[in-house]
Amino acid sequence: MTDVQTTAAPQTVRRKKTIKWRKVGDHAILIAGSLLMLVPVLMVLTTSTFDNVTIHKEGIQFYFGDQFAENYRKAMFEKGGFTKTVDGARMLMNSLILGIGFAVGKIVISMMAAYAIVYFRFRFGTVAFWMIFTTLLLPLEVRILPSYEVVQSLGMLNTYQGLIIPLIASATGTFYFRQFFKSVPEELLEAARIDGAGPFKFFIDILVPLSQTMIAAMFIIMFVFGWNQYLWPTLMTTDEGMFTLVRGIKQIMQVWIGANIPDYGLAMALAIIAMTPPVAIVIFFQSWFVKGLTESDK
Amino acid sequence: MANVTLDTVRKTYPNGYKAVHGADFQIRDGEFIVLVGPSGCGKSTLLRMIAGLEDVTDGEILIDNAVVNDVDPARRDIAMVFQNYALYPHMSVRQNMAYGLKNQRMNKAEIASRIEEAARTLRLEDYLERKPGQLSGGQRQRVAMGRAIVRHPKVFLFDEPLSNLDAKLRTQLRAELKALHKRLGATFVYVTHDQVEAMSLADRIIIMSAGQVEQIGTPMDLYLRPASRFVADFIGSPAMNIVHGALGEDQASVTLADGTALPLPIALETAPGTKVDVGVRPEHLHAADATSAQFNLTVDFVEQLGADTVIHGYQKGVENPLALRLTGIHAPEAGTVLTLGSDAEHLHIFESATGRRLN
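Protein sequence lines, in the order shown, are assigned to chains A and B.
The numbering of the first sequence is UniProt numbering, which starts it at 1 and goes up by one.
The numbering of the second sequence is UniProt numbering, which starts it at 1 and goes up by one.
Bear in mind the hints are in silico, worked out from the structure with no lab data behind them.
Backbone N, C-alpha and C fix where the C-beta goes; we use that ideal spot for every residue, glycine too.
There could be a bad hint or two in this list.
Claimed, not checked - Stretches of chain B that chain A covers, calculated by requiring three or more beta carbons in the stretch to come under 8 angstroms of a beta carbon on chain A:
{"id": "1", "stretch": "20 to 31"}
{"id": "2", "stretch": "240 to 247"}
What the hints assert, rightly or not - Straight-line Cα separation of at most 30 angstroms, BS3-like style, residue types lysine-lysine; simulated pairs:
{"id": "3", "chain 1": "B", "residue 1": "K131", "chain 2": "A", "residue 2": "K182"}
{"id": "4", "chain 1": "A", "residue 1": "K84", "chain 2": "A", "residue 2": "K250"}
{"id": "5", "chain 1": "B", "residue 1": "K178", "chain 2": "B", "residue 2": "K154"}
{"id": "6", "chain 1": "B", "residue 1": "K108", "chain 2": "B", "residue 2": "K154"}
{"id": "7", "chain 1": "A", "residue 1": "K182", "chain 2": "B", "residue 2": "K18"}
{"id": "8", "chain 1": "A", "residue 1": "K201", "chain 2": "B", "residue 2": "K108"}
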């Protein structure tokens with residue numbers, strides 16, 4: 001017994017060492033990876049605290065300057081653009097309306113579509129599902145001109161409805177919810193039927209609460225996706241009062257009249273502002289997000 | 001409280017599969033009926049048709065003398081307990097039980113008092129605010145029963161409710177179910193594939209095979225006088241010994257495959273030469289002297305279960321292995337030959353071609 005122990009001891013020590021080195025290696029790779037992602041963001045943050053002249057003369061800055069308060073105040077509250085009617089706060093609100101409307105709309109529509117596909121037998125139900133599914137392959141850009149035409153002829157240009165409604169049909173969402181509903185045990189539906197719950201009640205009382213984590217996961221994905229839309233709002237909005245943040249940043253850089261120096265600091269500040277809400281939402285919903293995508297236990 | 005009548009009920013699935021070929025029986029008020037059979041025999045389909053979860057292709061189902069073929073499950077005044085419990089995972093035990101009553105727009109005080117009563121009956125008082133995920137399997141099944149009880153239904157339907165539980169819990173819940181039936185006095189229809197459950201719970205058993213009702217009777221009817229070879233084989237553990245042969249010229253013996261004759265203590269009226277299956281339960285074989293012996297069992301191996309001993313062996317001319325069950329502890333050597341006999345009332349003779357009982 002003692003022999004075994006004495007010979008076993010050094011071995012464990014040696015093994016510990018190798019594990020340690022490996023961990024160092026792993027961490028080095030992870031740290032390098034995160035630096036690669038974070039440093040540009042950090043540089044935008046530091047640069048956004050300088051005045052335009054400095055940035056124009058010296059380029060990207062690696063430390064904090066003294067213009068932080070000034071640049072962010074300007075970005076948020078100073079009317080900009082050609083018409084001087086829109087400020088950062090307004091654009092932030094537009095972006096939020098687009099992001100939330102987009103996410104909520106997509107969730108509502110795709111949940112209802114998935115409910116119909118999974119729980120009701122109707123003619124061509126499967127065909128309908130596969131048609132929805134194949135549209136996954138078509139990016140927005142493919143149908144953007146016809147969509148523009150439709151929105152334009154409905155007189156919905158420069159409105160929130162025009163921004164949101166044409167985008168809320170979601171194949172991804174429908175597909176995810178369909179998979180989720182299919183995993184809900186059939187007996188639950190039968191128990192609910194015996195308990196006197198009709199189709200509407202079953203959906204509201206049973207399926208929606210069961211889908212909570214799924215809804216949260218969808219909300220994050222869709223919100224970020226909607227928030228980051230660039231091409232669509234660019235086409236749909238000509239009125240600067242309807243500009244979204246993502247679109248507005250571009251606008252600032254374009255104001256290059258005569259010998260003016262572009263508002264670098266402002267644009268950087270706006271970029272940071274534009275980045276904050278999606279990041280906040282991801283951090284806030286993170287645990288739900290992971291649960292929604294991995295949880296299969298009901 | 002109600003009776004349930006099935007009048008030549010058939011079920012054919014849209015894909016053409018015939019699940020039930022004409023079930024025709026009556027369940028009396030307050031009776032504990034167990035539908036039993038191997039998987040795929042149509043017993044669950046039958047139960048689900050009574051519940052209204054499955055359409056009836058042909059025939060009529062009557063609950064309390066009213067045809068319910070087209071009545072919504074919620075309006076049939078039935079309650080169902082599922083194998084996997086089917087509790088609403090996001091609701092507490094209390095909400096689970098209240099859900100059906102709320103949908104009936106029952107007033108809150110009445111709901112509360114019914115839940116109180118059911119919780120007391122099922123010893124669930126301490127768990128009312130928990131979610132199903134925090135309960136054990138046995139507790140979940142009790143909640144499922146509670147959800148059924150609070151509705152005060154005419155008929156309780158159980159679809160293999162104990163199959164997901166371990167053996168010990170199953171025995172315990174079986175006793176609770178029996179007690180519950182006694183107390184409520186309601187009609188219970190219970191589906192299982194486990195013959196022990198069927199035997200211990202049922203007032204009457206309906207045994208099914210391949211969509212057909214094989215026999216309806218009390219557990220002892222089925223055990224003592226199985227109407228067909230299928231029933232004989234299904235009820236009892238270890239299964240009944242079956243010996244294939246042809247009826248001898250004297251109609252009181254069976255000629256086995258190798259030509260030896262197996263004497264029967266009774267005479268049949270069937271034509272000599274008819275292919276028959278002779279069945280005798282392992283516990284109905286007893287020692288006999290060489291002159292009156294029917295079987296010469298060569299011991300193969302022995303299962304000692306404590307309370308009784310099951311001896312497995314074989315006999316020349318008999319294709320199937322044979323078993324003998326003795327009370328107490330015995331340990332015959334492998335290879336020993338035991339001479340065994342049986343009594344006329346314990347012998348079951350079936351026609352091979354139809355499986356029908358002949359004696």
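Here's how the hints hold up against the structure:
Counting residues of the stretch 20 to 31 of chain B whose C-beta lies closer than 8 angstroms to any C-beta of chain A gives 0; at least three are required, and the coverage claim is violated. Proximity of the stretch 240 to 247 of chain B to chain A, defined as three or more residues with a beta carbon under 8 angstroms from a beta carbon of that chain, is not established by the 0 residues found. Of the supplied pair hints, the one linking K131 of chain B and K182 of chain A holds, its CA atoms being roughly 22 angstroms apart against a limit of 30 angstroms. Taking the CA atoms of K84 of chain A and K250 of chain A, the gap is near 15 angstroms; set against the 30 angstroms cutoff, the hint holds.
Restraint check for K178 of chain B and K154 of chain B: satisfied, since their Cα atoms lie roughly 17 angstroms apart, inside the 30 angstroms limit. The straight-line distance between the Cα atoms of K108 of chain B and K154 of chain B is roughly 22 angstroms, inside the 30 angstroms bound, and the hint therefore holds. Only pairs whose Cα atoms come within 30 angstroms are accepted, and K182 of chain A paired with K18 of chain B is accepted, the gap being roughly 26 angstroms. Note on K201 of chain A and K108 of chain B: the hinted pairing holds, with a Cα-Cα distance of about 19 angstroms set against a maximum of 30 angstroms.
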